[in-house]
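J.: Position chain X with the ligands relative to chain Y; hints supplied.
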Amino acid sequence: METNILEVNQVTKWFFENQVINKLSFKVKGGETFGLLGPNGAGKTTMMRMIMNILQPDEGEILYNGIARNKIKSLHFGYLPEERGLYPRAYVLEMLIYFGTLNNLSRRKAEVEAIRYMDRLGMVDFSDTRINALSKGMQQKIQLIAAFLHNPDVLILDEPFAGLDPINQIALRDILSEYKKENKILIISTHQMEQAEKLCDHICLINQAKVILDGKLSQIKKKYRENAYSIEADNSIAFLHDIKGINIVEENNNSCKFTLSHDNISISKFFEQIKGRVKMRKFEIVEPSLHDIFIKLVQEQTAKS
Amino acid sequence: MRNIFRIARWEFISRFRSRSFLFNTFVSPLLFTAVLTLPIFIFQYQPEVSTKLVGVIDLSDENIGQNLQDELNRYYRLKNRSPEYMILKVSVSNSKPYSRMLKEYREIIARKDSINSLYNQIKDQRTEYYKNTKIPNREYVLRSSYEKLQITREEKELVQIESNRFKTALDSLYRNEAKNMADSLLITEVLNSYLVFTRDFTKNGNMEYHSKNPGDFRETERLEKILHTIIIKKRIINDNVERAKLRKWLNPIHIKKYQLFAEGQKEWNFYLQFYGPLIGVFLLFMAIFTSGGYLFSSVLLEKSNRVIEVLLSYANSRQIMGGKILGLGFLGLVQVLIWFTLTLILIASDIIPAQKINYLTLTNALYFLIYFSLGFLFYGSIFITIGSISPNEYDAQQINQFLRTVAIFPVLLSLIVFTDPNSTLIRTLSYIPFLTPSFMIMRIPLSAVPITMDIYITIIILIISIIGIIFVAGKIFRVATLMQGKRPTLTELIQWMKIS
Ligand SMILES: Nc1ncnc2c1ncn2[C@@H]1O[C@H](COP(=O)(O)OP(=O)(O)OP(=O)(O)O)[C@@H](O)[C@H]1O
Ligand SMILES: [Mg+2]
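Top line first, the protein sequences correspond to chains Y and X. In this text, residue positions in the first sequence follow my numbering: the first is 1, and each later residue adds one. In this text, residue positions in the second sequence follow my numbering: the first is 1, and each later residue adds one.
Please keep in mind that the hints were generated in silico from the structure rather than gathered at the bench. Where a beta carbon is used, it is the ideal one built from N, C-alpha and C, also for glycine. If a hint is listed, it holds; no wrong ones were tucked in.
Keeping only pairs whose Cα atoms sit at most 27 Å apart, straight-line, the calculated DSS-like set for lysine-lysine is:
no.: 1; chain 1: Y; residue 1: 71; chain 2: X; residue 2: 475
no.: 2; chain 1: Y; residue 1: 73; chain 2: X; residue 2: 475
no.: 3; chain 1: X; residue 1: 52; chain 2: X; residue 2: 89
no.: 4; chain 1: Y; residue 1: 221; chain 2: Y; residue 2: 210
Here are some of the chain Y residues that sit facing chain X, going by a computed Cβ distance under 10 Å:
no.: 5; residue: 53
no.: 6; residue: 74
no.: 7; residue: 94
no.: 8; residue: 95
no.: 9; residue: 146
no.: 10; residue: 147
One chain only, chain Y, in its complex shape (with noise of 0.2 Å):
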C-alpha cells in the first residue's frame, strides 16, 4: 500500500490586514500523527481550515497525495472543529447517519458505524436523545464520531481532548492509535501537552504566524536535552551549591534540579563529590517535556519580535 502524504507548501492566509499564517510548511505521512501546537491566536484553527476546504489560502499550496485540495473530495477527510457544532435540537442518531450521509455513506452503513462508536465511547444509550439533553463532553463525544464515522483517510482534530475526562481520554487515544496502525494521517492540536507528548510522531509549533518548531518528536527531545539531573534526598542538600561546575536549574525541599558544565566536572565525580553527604531517595536524567519546550521557545520568539 502507498502512503498517503499531505504537504502544505509556503501557506499564507489574510484576514483583512492581519496575517494570519505566514509563509507555513509541513509534510505528514500516513501512518503518522502529526501535532499541530501554539498559543493561543496562533493560527492552528484557521490552518486546519484550510485543510479541511473551508478557507481558502492566499497564498501557497495544499496537496494531498501530489493533488491540490480543492480538487479532492471532502469524504476523504474527518474534521472535529474546536467548538461544538451540532444540531440541538436534533436527535444524536438520527444526525449522525445525516452527517454519514454527506460523505457518501449510505443510510445503513452510517447507522451501523454510529452505534458502533457510540457503543466504543459509551453512548448507545443516548442514541434516541436530543443533543441539547447531553453534557458537554458527551457532545465532544458525538463531534468526535460524526469525525471518523465516515473512515477518512486524514483526520484533522482541533483540541479533541477538550472536555473529557481520563478515562474518555484514553479511550479516544485507544481509537486514534488504531487509525494510526491503518497508515492514516491524523493531524491534531491541543494545549494538553502531555497529550501530543503521548500521541505525536510528528510536532509543529507555531507561534505569531510562523513555524518555530518543527520535527520529530523524538529528535525534538534529543535537541532540547539539556543534560539535566534531579537529584532527591531525605536530608538536606543545600551543600550542592558549593561544588564546582554544578548549575542550580530549580530547588526545592531536599530536592532541586541541576545541570553540569561538562568542562568541570563529569557525572561520576559529581558522584565521588556527594558520597556519604546524602541520603539519596532519587536520581534521574530529566527529559525535557514538550511543556518546558514550548513555554521556551514560545517565550524566546515572543521577546524578540
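T.: The following block gives chain X with the ligands in isolation, referenced to the frame of chain Y:
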C-alpha cells in the same frame, strides 16, 4: 450534487416535523380567516332578540305612525313572522300643563266656531234681504246688517289669529312634553328610538331621530329608506294620483351585481370578492415567510452553533445553500399543496361555494404556486445573505421583521386594488420585486381583464432579481458564515465578494 439533496432532505424533515410548521400550516390560516370573517357573520346574523318599540311624536295630521307601522311590517319580520318593529304613538294626555292649555284652546276653537256660524248666519240673512225687495225698511236693514257683518268679521279674524297663535304654542308644548316623555321611555329602554315629525314634514322632509346610539347604521338605514317611500307616496297623493298607480311606481328595487369576465358574467358578491383575495395574500405571505423564515433561522442557527463549520467540511457552500433552498422551498410547496387540498375538500363538501367564486381556477392555483416559488426564492436568498452577515440573532430578527412589514404592505392598499386593480399606481407598485407577489395575488382574481402581460413582466423582473441576489448571497454566504462577533462594513462585504 447528491449532497444538495441530502441537505435538502434533512432541512425538510427536521422542519416538517416541527410544531411551528404544524401551527403555520393549520392554525394560523384558520385564525386569520376567523378574525377576518367573524365580524361579517356577527353583523349579518345578529340575533333579533325581540320586537323593537319605536316611538313617534307626530305634530302633523298625517297619521304617519300608522303608515310607518304598515311599511315596517311589510319588510321586517322576526324569525317567528311577528313584526320586528312596533310603533308607539307618544301620548301626552297625562300632562297637566298640556291638558290645561288644550282646554283653553278648545274654548277658543268653540268661540271661533260660534263666531263663524254667526258670521255665516248674517251673510245668509243679507242674501235674503237682497233677494226680497219687498221688505219694509230695506235700506236701513241692509245697512245695519252690513255693519253687523263688518264687526263680526273683525271679531272672526281676531279669533282666527288667536287660535293660530294658540295652536303654535300648543304644538310647541305638545312637542316638548312628548319629547320629555319619549326621552324617559328611551332611558328606561322601553323605546328603542323615537321619531319626531314636524307639522310640514311631507313638504320640507325634516324629521328627527333620537336614540342612544344613532350610529347604528342598520337601523337608521332601514328607517330612512321606509320614510323616504312613505313621504314620496304622500307627496304624490297630494297631487291627486291614483293609488293603484302609486303602488306600481313605488315597487321596491333590488340590485344584483355582476362582474364581467372574459369568459362571461358572474354574479358579484362583495365578501367573496374582497375577502377571498385577501385570504389569498395572507396565505401567500404565510407560505413565503414560513419557509423563508426557516431558511433564515437555519442559517442563523448553524452560524451560531457552529454546525456550519461541520457542514462546510463535508460540502461546499454552494451545496449547503442550494440544499437549504431546495429543502425548505419544497416544504413551502407542501404547505401550499396542503392548503389546496383543504380548499378542494371544503369545495367538495359545499362549505365553499366554488361555482360562485370565479377566481378558484386551476390557472390561478398555478399562479399562486409560481408567485410563491418566486417570492420564496427572492426573500429566501435575501434571508440567507442577511442571516450569514448578521453578527447576532437580534439584529437579524429586526431586519426579518422589517421585510415582513414590506411584504404585507400591499394589504394596506387592498381597498385601492379592489376598486381598480389595474390603476397606474398599483401596476407600478407591483413591479417592485418586494411587493410583486402580494400585489399580483390580489390583482389576478380582482382584475376583470386578464393581466397576462403584467404577469409576464413581474415574473421576469422577479427572476432577474433572484438571480442577482443569489449570486451575491452565494459569495457572501461562504465567507461570512465563519465570521463571528462583528457586523461587516460595506467595504468588507465588497472585499468578500471579490475574494470568494
Ligand atoms: N474568521 C476570521 N476572521 C478574522 N480573523 C480571524 C478569523 N478566524 C481567525 N482569525 C484570527 O486569526 C488568528 C488565528 O486564529 P486561530 O483561530 O487560527 O487561532 P488558534 O491557533 O486556533 O487559537 P486557539 O488556540 O485559541 O484556538 C487570530 O488572531 C484570530 O483573531
Ligand atoms: Mg483554535
